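Number of protein chains: 2
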Amino acid sequence: MEKIKRFILNEKDIPTRWYNIVPDMKNKPLPMLHPGTRQPLKPQDLYPVFAEALAEQELNTTDTWIDIPDEVREQYKVYRSTPLVRAYGLEKALDTPAHIYFKNESVSPVGSHKLNSALAQAYYCKKQGLENITTETGAGQWGTALSYAAKAFGLNLIVYMVKISFEQKPYRRSLMETWGAKVIPSPSVTTKAGQKIIAANPTYKGSLGTAISEAIEVATQTPNCRYTLGSVLSHVSLHQTVIGLEAEKQMEMAGEYPDVVIGCFGGGSNFSGISFPFLRRNILEGKTTRFVTAEPASCPKLTRGVFQYDFGDEAGYTPLIPMFTLGHEFSPAHIHAGGLRYHGAGTIISQLLRDGLIEAVDIQQLDSFKAGILFAQTEGIIPAPESAHAIAAAVTEALKAKEEGKAKTILFNLSGHGLIDMTAYDQYLSGKLSNYSLPDEEIANNTAKLEKII
Amino acid sequence: MEKIKRFILNEKDIPTRWYNIVPDMKNKPLPMLHPGTRQPLKPQDLYPVFAEALAEQELNTTDTWIDIPDEVREQYKVYRSTPLVRAYGLEKALDTPAHIYFKNESVSPVGSHKLNSALAQAYYCKKQGLENITTETGAGQWGTALSYAAKAFGLNLIVYMVKISFEQKPYRRSLMETWGAKVIPSPSVTTKAGQKIIAANPTYKGSLGTAISEAIEVATQTPNCRYTLGSVLSHVSLHQTVIGLEAEKQMEMAGEYPDVVIGCFGGGSNFSGISFPFLRRNILEGKTTRFVTAEPASCPKLTRGVFQYDFGDEAGYTPLIPMFTLGHEFSPAHIHAGGLRYHGAGTIISQLLRDGLIEAVDIQQLDSFKAGILFAQTEGIIPAPESAHAIAAAVTEALKAKEEGKAKTILFNLSGHGLIDMTAYDQYLSGKLSNYSLPDEEIANNTAKLEKII
Chain A
1 MEKIKRFILN EKDIPTRWYN IVPDMKNKPL PMLHPGTRQP LKPQDLYPVF AEALAEQELN
61 TTDTWIDIPD EVREQYKVYR STPLVRAYGL EKALDTPAHI YFKNESVSPV GSHKLNSALA
121 QAYYCKKQGL ENITTETGAG QWGTALSYAA KAFGLNLIVY MVKISFEQKP YRRSLMETWG
181 AKVIPSPSVT TKAGQKIIAA NPTYKGSLGT AISEAIEVAT QTPNCRYTLG SVLSHVSLHQ
241 TVIGLEAEKQ MEMAGEYPDV VIGCFGGGSN FSGISFPFLR RNILEGKTTR FVTAEPASCP
301 KLTRGVFQYD FGDEAGYTPL IPMFTLGHEF SPAHIHAGGL RYHGAGTIIS QLLRDGLIEA
361 VDIQQLDSFK AGILFAQTEG IIPAPESAHA IAAAVTEALK AKEEGKAKTI LFNLSGHGLI
421 DMTAYDQYLS GKLSNYSLPD EEIANNTAKL EKII
Chain B
1001 MEKIKRFILN EKDIPTRWYN IVPDMKNKPL PMLHPGTRQP LKPQDLYPVF AEALAEQELN
1061 TTDTWIDIPD EVREQYKVYR STPLVRAYGL EKALDTPAHI YFKNESVSPV GSHKLNSALA
1121 QAYYCKKQGL ENITTETGAG QWGTALSYAA KAFGLNLIVY MVKISFEQKP YRRSLMETWG
1181 AKVIPSPSVT TKAGQKIIAA NPTYKGSLGT AISEAIEVAT QTPNCRYTLG SVLSHVSLHQ
1241 TVIGLEAEKQ MEMAGEYPDV VIGCFGGGSN FSGISFPFLR RNILEGKTTR FVTAEPASCP
1301 KLTRGVFQYD FGDEAGYTPL IPMFTLGHEF SPAHIHAGGL RYHGAGTIIS QLLRDGLIEA
1361 VDIQQLDSFK AGILFAQTEG IIPAPESAHA IAAAVTEALK AKEEGKAKTI LFNLSGHGLI
1421 DMTAYDQYLS GKLSNYSLPD EEIANNTAKL EKII
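So the protein lines, in turn, are chains A and B.
Position one of the first sequence corresponds to residue 1 (the numbering used here), numbered consecutively onward.
Position one of the second sequence corresponds to residue 1001 (the numbering used here), numbered consecutively onward.
Hint data in this document are derived by calculation from the structure and do not stem from the laboratory.
A hint or two may mislead.
[As the list claims (entries may be wrong)] Distance condition first, Cα-Cα at most 20 Å in a straight line; then the derived SDA-like pairs of lysine to any residue:
(1) Lys370/A x Gly1154/B
(2) Lys1077/B x Glu91/A
(3) Lys1182/B x Asp426/A
(4) Lys92/A x Lys1151/B
(5) Lys151/A x Asp1045/B
(6) Lys1003/B x Leu9/A
(7) Lys408/A x Glu359/A
(8) Lys408/A x Val361/A
(9) Lys1077/B x Val361/A
(10) Lys1452/B x His1034/B
(11) Lys1370/B x Thr1396/B
(12) Lys1163/B x Asp426/A
(13) Lys77/A x Glu1052/B
(14) Lys1003/B x Gly431/A
(15) Lys196/A x Ala315/A
(16) Lys1182/B x Lys196/A
(17) Lys3/A x Asp95/A
(18) Lys163/A x Thr190/A
(19) Lys1003/B x Glu91/A
(20) Lys1400/B x Ala1093/B
(21) Lys196/A x Tyr317/A
(22) Lys1012/B x Asp426/A
(23) Lys182/A x Thr1396/B
(24) Lys12/A x Ala254/A
(25) Lys1012/B x Asp95/A
(26) Lys77/A x Lys1182/B
A quick note: this is a predicted structure, and the numbers were derived from the prediction, not measured.
All chains, full assembly: derive it from the sequences and hints.
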């Protein structure tokens, strides 16, 4: 029988529902708190910031399955199902008995998984009659995805783009503009949050936390406008489960089931997406799959952060979120995996980690690029620097399998391609990049400032 | 019944043979001539330059079907079948009764159709025991594809990259280097051909013709080395027929047959690939599909060139090729569709055009970008500036169908994406690009220099 390389679903088999893991969790995530009253957040508290349907989804702890609206599913068909690929080339290069699979989310027209939630969020905003939306973007993947989605559903969009990325990635800006978005480097003078930060530090190159503050401020002060976020929150993870739900069917086509599932980790959206449907079967069916997050050593909130209530943004506009965090004032090193430079993790992920249902590893920058190049040369696809962290973790698992002489089925999510990030590869190839571990002292200083709510 | 957006073949249905159109042509192409003897070229004449199997394929006029080697077909599975997509979004925006389909070759890991032939060529070179190959690249699509293919089959590769592209497209260079190729801007001092051109014009920004001369010179003077070419030649078109052969099956899945098939035109590889399998059915079954090449108005060899024997490169190292040409000394305007800046067309295409079996239209640069943006905003994919020419021609056909109130099935080839060409979109969006038609006088002057062999 011919070996099959790529598993692709018929369009009718693209999922019709997203999976909400919260009802299946034995220990529920702690509630987010209203920053003023310190009471558990109600959906209405979020209405000024998010579309109402998204606020409801965010706090939905009872419905396991949420219907994907037809309009969103039609848009998914532009690129879904994404292929599940058997990485024969990588296996051979590693000489491993492991079977390595990856879910290729890089085939979306924006080059990453971010579109899965962008389309959903733009749809619900439009359905509510909104005309304008705002967001922030770090590496540019989310901003690009939302630009596409805003155009698809006829919304005006302003993107606050972390200044360092704005300068390093002019192609990203052009992409967003091609889809009609307005892109502003953050910090900017267009918001109070931005003005304050610029006054304190005029050469500051920005952070996701700052850009979020700016985008929220504009959303809440512009008529008929709401804010959208590309990661961290539970409704974003919900939309991303389309990845894992497809992968579940595709692994079945391949006649295998994963022993370990891996995703890189910034705010959690792609890791949640690939993992939760399989984690469901650990919870309900007693399967024993391991789930591994791969985060950068320069931003190690899951491996070395503290669990505490913290803000999602720099200025403190968001609710208080129970999260593993490095402190919301943490200013990350300028590693090239810009999408992983975020100080915290969402409520669900944080609870799963506390309960030992998922694991976390940290990856050094040079190891991520080494793995990325190996992947490019064996599987053909140049991974996003973010995704290269997942590849590095998969390589480690595959080599462990080799050492132990054990067959093992590894599944990782290739969250995006790196075609817009070639500057990073160029710097790596010319020896200009280095490793960086966040010092203990910096973590201690930042997290010491957090109010002790729990 | 649910509308299907993308048609994808099972891996077992990926073609096992390429289609050679020459045996089916009533009027065969005129022979290529040895530049010294002026006698029709024999495969052996090409052995010093090309791998022997490729030289045989180049001059094969008898075998209609050529088996795709298993090793190549395994590599095809990394990205094939590419989707056939129904462009519902574009149809709606144009309010046309036409059904528009496109074959999405942009999903290949290198972002274009070029990989279809690169893999075949690298395979045959390796099989012959070669260790080194050379090539040229204009826009960078071919060089990128061959870098990937050389790595896949374990060959060393030197790419001569047209200098203007080398400077404008640093990401392209990084891509090629990531796959292990050595990239040299052309003209360079590494060859006699390059030295001569630099001496005459020190600031010359290069052309495909010059880069070809350099790559051939190095290939013929390096031990265990051959040259490879990404377009124009018949064996390249042969490999690209995998596009049309898949599309034929996929159109059948869609229950339709194209009334018109469109491809952009540089040297002919993607147009040949999408067209020849359908053209076969015009020839053998009396179908009446139209075939339209879309070339830039700045490089109009098919619409306004002369049919004559001419060289394929600037220095005159190649055989004499019977072609529609603007003269091999033609120095093209620096439009952004770098892959379409070539002075001539291959022997098969030229004969088909003489026989009225295919048509040619020229497209202005601004019209191509306008169509490209419309496509990006309706179908989500940012097309390569080259492919945008095919889209512009498809839009024209769709609007004609609307005027005539006729349903019509249009198929075009999306040869690649534009993610590495965002500078071009940026310039278009900021109003910095303009139209350019090649003046009659320049065509007359260049072609007057050609020796009159026919």
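Okay, which hints does this one fail, numbers in order?
5, 9, 13, 14, 16, 19, 22, 23, 25, 26
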